[in-house]
Structures are given as structure tokens and as C-alpha cells.
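Here the structure of chain Y is known, so what remains is to put chain G with the ligands in place on it, guided by the hints.
In the order they appear, the protein sequences are chains Y and G.
Letter 137 of the first sequence, counting from 1, is numbered 136 in numbering that gives the first Met the number 0, and no numbers are missing.
Letter 276 of the second sequence, counting from 1, is numbered 275 in numbering that gives the first Met the number 0, and no numbers are missing.
Some hints could be false.
[Said to hold, decoys possible] Derived BS3-like pairs (lysine-lysine); straight-line CA-CA distance at most 30 angstroms:
hint	chain 1	residue 1	chain 2	residue 2
1	Y	13	G	168
2	Y	112	Y	178
3	Y	13	G	171
4	Y	178	G	556
5	Y	112	G	101
6	G	556	Y	13
7	G	556	Y	110
8	G	168	G	101
Worth flagging that the hints you see were computed from the coordinates, not collected in a lab.
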Amino acid sequence: MSAILPPAERLWWKHPLDRVEGTWIAIAFVWCMILFFMMVFWHVYGNQNLSTETYSTTPEDFRIKAEAWAEKYTVRIDETTGQPVVAPPDGGDAYLITRLWSFWPTLELEKGKTYRLHLSSLDYNHGLSLQPVNINIQVVPGYEHVVTVTPNQSGTYGLVCNEFCGIGHHMMVGRLYVK
Amino acid sequence: MSIATTYRTCPRSGLQFEANAEKLMIANAVAAVVFLLIGGVLALGVALTRWPAVHWLQADTFYQVLTAHGIDMLIFWIIFFEVAILYFCSSTLLRCRIATPKIAWLAYWLMLVGAIINNYAVYKGGSSVMMTSYVPMMAEQSFYLGLILFAVGALIACFVFFGTLVVAKRDKTYEGSVPLVTFGAITAAIIAVFTIASGAIILIPTWLLSLGVVDSVDPLIYRMIWWAFGHSSQQINVAAHVSVWYLVAAIVFGAKPMSERVSRGAFLLYILFLQLASAHHLLADPGLSTNWKVVNTSYFMYFAVLASMVHGLTVPGAMEVAQRQKGYTRGLYEWLRRAPWGNPTFSGVFIAIIGFGFLGGISGVMMGTEQLNMIIHNTIYVPGHFHATVVVGTTLTFMALTYYLIPTLFKREVINPGLARLQPYLFGFSMYFFCLVMMGAGTLGVSRRHWDMAFAGMPSAYEWPGAAYLMMGLVGISAVAAIVGGAIYVYVTVGSLLWGKRVEGGAASASREPTPLMAPAVAAQGYGSQGFAAPGTFLLAMVFLVAFILYYFVNWKYLSTVWGLS
Ligand code: HEM
Ligand SMILES: [Cu+2]
Ligand SMILES: [Cu+2]
Numbered sequence: 000m001s002a003i004l005p006p007a008e009r010l011w012w013k014h015p016l017d018r019v020e021g022t023w024i025a026i027a028f029v030w031c032m033i034l035f036f037m038m039v040f041w042h043v044y045g046n047q048n049l050s051t052e053t054y055s056t057t058p059e060d061f062r063i064k065a066e067a068w069a070e071k072y073t074v075r076i077d078e079t080t081g082q083p084v085v086a087p088p089d090g091g092d093a094y095l096i097t098r099l100w101s102f103w104p105t106l107e108l109e110k111g112k113t114y115r116l117h118l119s120s121l122d123y124n125h126g127l128s129l130q131p132v133n134i135n136i137q138v139v140p141g142y143e144h145v146v147t148v149t150p151n152q153s154g155t156y157g158l159v160c161n162e163f164c165g166i167g168h169h170m171m172v173g174r175l176y177v178k
Numbered sequence: 000m001s002i003a004t005t006y007r008t009c010p011r012s013g014l015q016f017e018a019n020a021e022k023l024m025i026a027n028a029v030a031a032v033v034f035l036l037i038g039g040v041l042a043l044g045v046a047l048t049r050w051p052a053v054h055w056l057q058a059d060t061f062y063q064v065l066t067a068h069g070i071d072m073l074i075f076w077i078i079f080f081e082v083a084i085l086y087f088c089s090s091t092l093l094r095c096r097i098a099t100p101k102i103a104w105l106a107y108w109l110m111l112v113g114a115i116i117n118n119y120a121v122y123k124g125g126s127s128v129m130m131t132s133y134v135p136m137m138a139e140q141s142f143y144l145g146l147i148l149f150a151v152g153a154l155i156a157c158f159v160f161f162g163t164l165v166v167a168k169r170d171k172t173y174e175g176s177v178p179l180v181t182f183g184a185i186t187a188a189i190i191a192v193f194t195i196a197s198g199a200i201i202l203i204p205t206w207l208l209s210l211g212v213v214d215s216v217d218p219l220i221y222r223m224i225w226w227a228f229g230h231s232s233q234q235i236n237v238a239a240h241v242s243v244w245y246l247v248a249a250i251v252f253g254a255k256p257m258s259e260r261v262s263r264g265a266f267l268l269y270i271l272f273l274q275l276a277s278a279h280h281l282l283a284d285p286g287l288s289t290n291w292k293v294v295n296t297s298y299f300m301y302f303a304v305l306a307s308m309v310h311g312l313t314v315p316g317a318m319e320v321a322q323r324q325k326g327y328t329r330g331l332y333e334w335l336r337r338a339p340w341g342n343p344t345f346s347g348v349f350i351a352i353i354g355f356g357f358l359g360g361i362s363g364v365m366m367g368t369e370q371l372n373m374i375i376h377n378t379i380y381v382p383g384h385f386h387a388t389v390v391v392g393t394t395l396t397f398m399a400l401t402y403y404l405i406p407t408l409f410k411r412e413v414i415n416p417g418l419a420r421l422q423p424y425l426f427g428f429s430m431y432f433f434c435l436v437m438m439g440a441g442t443l444g445v446s447r448r449h450w451d452m453a454f455a456g457m458p459s460a461y462e463w464p465g466a467a468y469l470m471m472g473l474v475g476i477s478a479v480a481a482i483v484g485g486a487i488y489v490y491v492t493v494g495s496l497l498w499g500k501r502v503e504g505g506a507a508s509a510s511r512e513p514t515p516l517m518a519p520a521v522a523a524q525g526y527g528s529q530g531f532a533a534p535g536t537f538l539l540a541m542v543f544l545v546a547f548i549l550y551y552f553v554n555w556k557y558l559s560t561v562w563g564l565s
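Bound conformation, chain Y alone (with noise of 0.2 angstroms):
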């Protein structure tokens, strides 16, 4: 019974490693090292990087460029939804509000052209959940999240609201198309 008395050996520390201690830790270290460098390498050669340029905002703020860019772009209204469709020119901005309990406007985007996306929240934290994709990212009021997306296969998108926003949250639900 040992590890609940004191060390037998006074100098416990001097004691030797036995080869499969000193073996594992070897291996487990190398692995943890690979761990760390593939978030570095997929930096440098992969195409899922999460853009962290984010601006500071308020509510007020965001909702009137968002609004403003929105008139511009509007190509039809959606009949599922009743929302604008707004379809930005390629290399263009994006802008998608969250808000108590629901995604604004509803975006057309192309296949195989970039966008600078502008996230925003006008009051809790929500989550931007595309799918099928899969993509998450979280967004936060009163910061402005610039997302560069390039869309790679066409279709009809649902962005699903995935972080907890009030009793309204599982009404959260929104459209994004892709041609």
C-alpha cells in the first residue's frame, strides 16, 4: 500500500525510470509535439483558418451598415422566409445579423467566390451553425467578426442557432443559398 504511505525512498526523486515509463513518455511527447504543429502547419498550407480580425461596435452601429449594405444588394424577397435576399458581388462584404431569434438577411452567395462575411450579435451571444457543413462560430455583441468564406459546393444552407439565447432559441433558424 503504497501510494497512500510516505515514500519508501527518502530520495524518491533519484529513483530509476523503469523502459516503459521512459519509453511512453518519449512517444506521448513527440505526439504532443505534432499536436501542436499541425495547428501551425494548417496555418501556413491548409484552407480552414478561422480569421480573427474583429472590430468593435455597438448594436445601433452594426445594424444600420448592415442595413445600409443590405438596400444595396437585394435581389428578391424570399418566399420561405419573407426576408431580403441579398446577393454581395464577389470579393464584396457580407453582413449577417443575429439577433432575438433570428439570422438577417438571407444571403446568396456563389460557388467558388470569397466573401468577407461580418458577424455580429444585437444583444446575447448566438451561435452561427451552417449546415450542413458544420461550420460553428461564435458571435458575440458589441464585436464585429470579419469571416473571409469561400463557398465550394451549391445549395441551400440552414444556419442553425447553437449557443443558448433565451426561450426562443431553438426558433433560431435561418436560410443561405449558394448557386
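Frame of chain Y; chain G with the ligands shown alone:
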């Protein structure tokens, strides 16, 4: 200063209990089990609502019940039990009296009153904010007040623990260094102090905000500091349950750590490298730089992961060495086959070790990788992961320890040993399955904390694939099985305390003997750098590594197929 007290030596285990410490351990452990019971009842509500075919509770009740489930389980059950473990690892293992029993009772009452106030706030309504309570969503002020009182109590309990170490040192109740298990408990308590300080830094301003004294708390800073509390408290759990693993290896097998140096070094890594791990909760957040995320989630390499990988080898390794010394040397695994699988203290711990490593550990590292986090953040994968760590790992370990404490600490015979023998298997394996299917559903994108995956009545409803519904149905079924396993634990524990036959606990006396140094057994000293003492464990570790590598790279492959992001 000498406090009048008595000691008894348990005739079964040889452990020496001091009268005040004993009462405190009992009170804390009982409070813990009560919260586990409440949390388990709430789990039934949560699980039967997330099971799509059942969809039991109304939305507001569901969010309320989920808030209470998270807090009662993760905070109240676990921390009350940990306080009992801290007192055990100091007063009992070092054979000394507990320092300042009155203050320890104050800590206990603060924790209990805090927990009740917080629970009351949640049940009353108006505080269904989830345990994370991200601002600017606000709960009632008493929600925060309850948590703060609880945290102050827990902090005081940590200081009573440190005080008890001082008493033991001063009264020379042990010789040489503290035992490994106590050392592990010390790391847990040190991390707890850091954790609780972070909790105070963020919860006190939030409480003042709810009272209207402060006008705002920044939501991003809240998230960062809240997770310095929320994540570090998981390091307390890991340090505590790993200590219990060593404890159980010692009491069941008489196992000695393979090397004190390695095991203690690994505990030290927890202190040095786990506290800022809150970073991995913020990987999908705005406002933090890439460098900050990459460095703080890993400190350049995953030292904390390394520490857990080391313990994951050395705990079963110590068991293997002890069994081989008893003559179970045939093949790679005779030592394991001949282990006492009918003893729930052993089987519970072994199931916890394997589940914690294979399910909790591998998934945790995957999630904590900066880019990979994007494909699981806030999906139900996340509760899948942490039920493997905090339920299979910590909770099952504490359950296993309870079966040992019932005769020794509570002086009762276990009622219904047959049920007790079954319990770790039922609870452990159904939890394994539960975690796997939650992770499966999360991989398909299903959200956590979500009342209705069908989005009934919403014109823009998103339709999940059939496989996602199937997985969530399996979540419900396995949850019910796990809850039955949890109920058996509560029944056996509470039943034994109430109706169990009393066992001889040893006469009270005023004497106190120092913990002897272990007589250096020749065999125990025999292995060292020359041997390869635990080949079976080593092979298991290699299987683990292969599973880890495969799963990790499969996820990179999956990530490479999603939209380009930069
Ligand atoms: C049989 C036992 C249990 C079952 C069936 C169960 C079930 C669940 C389910 C289904 C969820 C996820 C709900 C969702 O996100 O929509 C959940 C959340 C959670 N559970 Fe459990 N659980 C059990 C035991 C425990 C234990 C023992 C602990 C802690 C020690 C625990 C801690 C938590 C926490 C912290 C959450 C997250 C709450 C939140 O999102 O705020 N659970 N549980
Ligand atoms: Cu939302
Ligand atoms: Cu939401």
C-alpha cells in the same frame, strides 16, 4: 494548541480516522450524493426531451432543467465530494487531526446554503441561463449570489486542507514526503484556489450588474474569465480522480507507483499548464488573435495532455506490476484477467480509466485544436466529450471509491452487494455508448442546449439527416440506462447508510501513530531502469495511441472538405 479529539483505526483497512474529520467527510459526501440524486432526476428530463420521439418537457421547463442539471452535477455533486476527498487525503492518510474543524463546518454550511439559494433561483424561473450564464443574458441576482457563497465555502475548505497539511508536518505524523495520493490532492487544491479566484473575478461583477451597481460587463471578457474558472475546475476534477485511481490501485492491489518521480512530475504539469486552458473554449470566438489561441490552447505542446497520457500508463502499470509480483505473470494479460472484476471499487475505476482516455481524452484533444474546433463548437459533440470526462472519468471514479468508503468511513455493510457489483458496468458502459452517440450526432452538426431539432412551425426549418435523428434516439435510450445505473448507486449508498448492518469501526482512542514508511520490500525495489515491468499496459497504451492518431487525422480530413475560410 491541542484540540481534544479522538482517533479510531478501522480494523478492515488500517486507516485511522479522526473524529472531527470523519464527521466532515460524511457530511460533505452525503451532500454530494443528494445533489447527484437531484441532478440525476433532472437528467431524465433533459434526456427524454432530447430524445426526438419522446420530446417530453416544454421548452421553458427544458432550459430550466438543463441549467439546474449542469450546475447540480458539475459544481455541487463534484465539489462536495472533492472536499470529502481533500479531508481524506490530508487527515486520514497523514493520520493527523483536521485543522480548524469549526471553520471547516463554516465552509460546509456556506457551500450548502449557496447551493440551495442557487437551486431555488433556478426553480423559481427567471434564471434559465445555463451554468455558463454568459452576459448580457441575465439571471436573478440570487443565482450569482448562491454561486459566490458556494465558491467562498469551497475556497475555505481548500485552506482547511492546507492547514491540515501544516498540522501533520508540525506534529510529525508522517515521515519523509507526503504520499503520492496526498500529493495529487495538493495539486487539485492549488488548482482550486486559482479556479475559485477566477470565478470570483467574474461572478462578483456580474452579481453587481444584476443588482444594478455596475452598468456592464464585456461579453468577451466574461467568456474568457468564466472559462478560466469553468475549465480549470475540470483540472481539479482530473487531479482529484487521478489521485483516487492511485488510491484504489494501492488499496485493491497494494500497488506502488512505478516511479514516484514520474507520477509526481505529471501532477506538477497539471498545475503548470492547465490553468489557462480556458483558451480552447474560445477558439471559435472573435477578438482573440490566432497566436493567442494556438499558444494558449497548447503552450507550444500539449503538456497537460502529456501529463494525462503519463498517468494513463502509470496507474494501470502500477496495477500490473503489483499483480505480476503476486505471480500472475502468464502472457501479457493474466494480471488483468485475474483482477477483482467483482469488486466495484476496482471495476469502476478501471472502466473510468479506459473511458476517460479513449473517449474523453481523444475527443478533447480533437476539440481543443484551433481549426478542428470549428467543426464541433457548440454542437452536442461537446456534452458527448465532457460526459466521457466528468461522468465516466470523475463521477464513476467517485462512485467506485464510495463502495470502499461505505464500510471504512461510514461503518456499514453494503446492502445488496449483487447490485453494487453490477452498477459500474451498467453505468459505465451505457455512458460509453451515450457519449459515443452524442459525439456522432455532434459530428452531424446537431446543436447542444437545443429544445427542438425539428424546428416545428418554422418556415425556414433546417432538416437534419435521418442519421442525426437516429443518433439522438440512441442518446435517449442510453441515457435512460445510465440513469438506472446512477439510481442504483444512490440506492445502494443511501440504503447502506440507512439500513446497512453496522460494522466494527475500531475503538476511539486519543493516540495517534505516525504513518510508517513502507518497509522496502525487495521485490518492489527490484525494478528500475533495467526492466520492462508492465508490457501489457504498454501494449494497451500503444492501442490507445493508434486510435488517437487515426481519429485525429480523420478529423483533419473532414475539415479539409468544408468551405474555405481564412
Ligand atoms: C445518467 C446520467 C446523465 C445523463 C443521462 C445526462 C444527460 C445530459 C444531456 C443529454 C445533456 C445535454 C443536453 C443538451 O445540451 O441539450 C447534459 C448536459 C450536461 N450534463 Fe449531463 N447527464 C448525466 C450525468 C451528468 C453528470 C454526472 C454530470 C457532471 C458531473 C453532468 C454534467 C452535465 C453538464 C455540465 C451539462 C451541460 C449543461 C449545459 O449545457 O449548460 N451530467 N446531460
Ligand atoms: Cu441565437
Ligand atoms: Cu440561440
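Sort out which numbered hints this structure fails and list those numbers smallest first.
When the structure is compared with the hints, numbers 5, 6 turn out to be violated.
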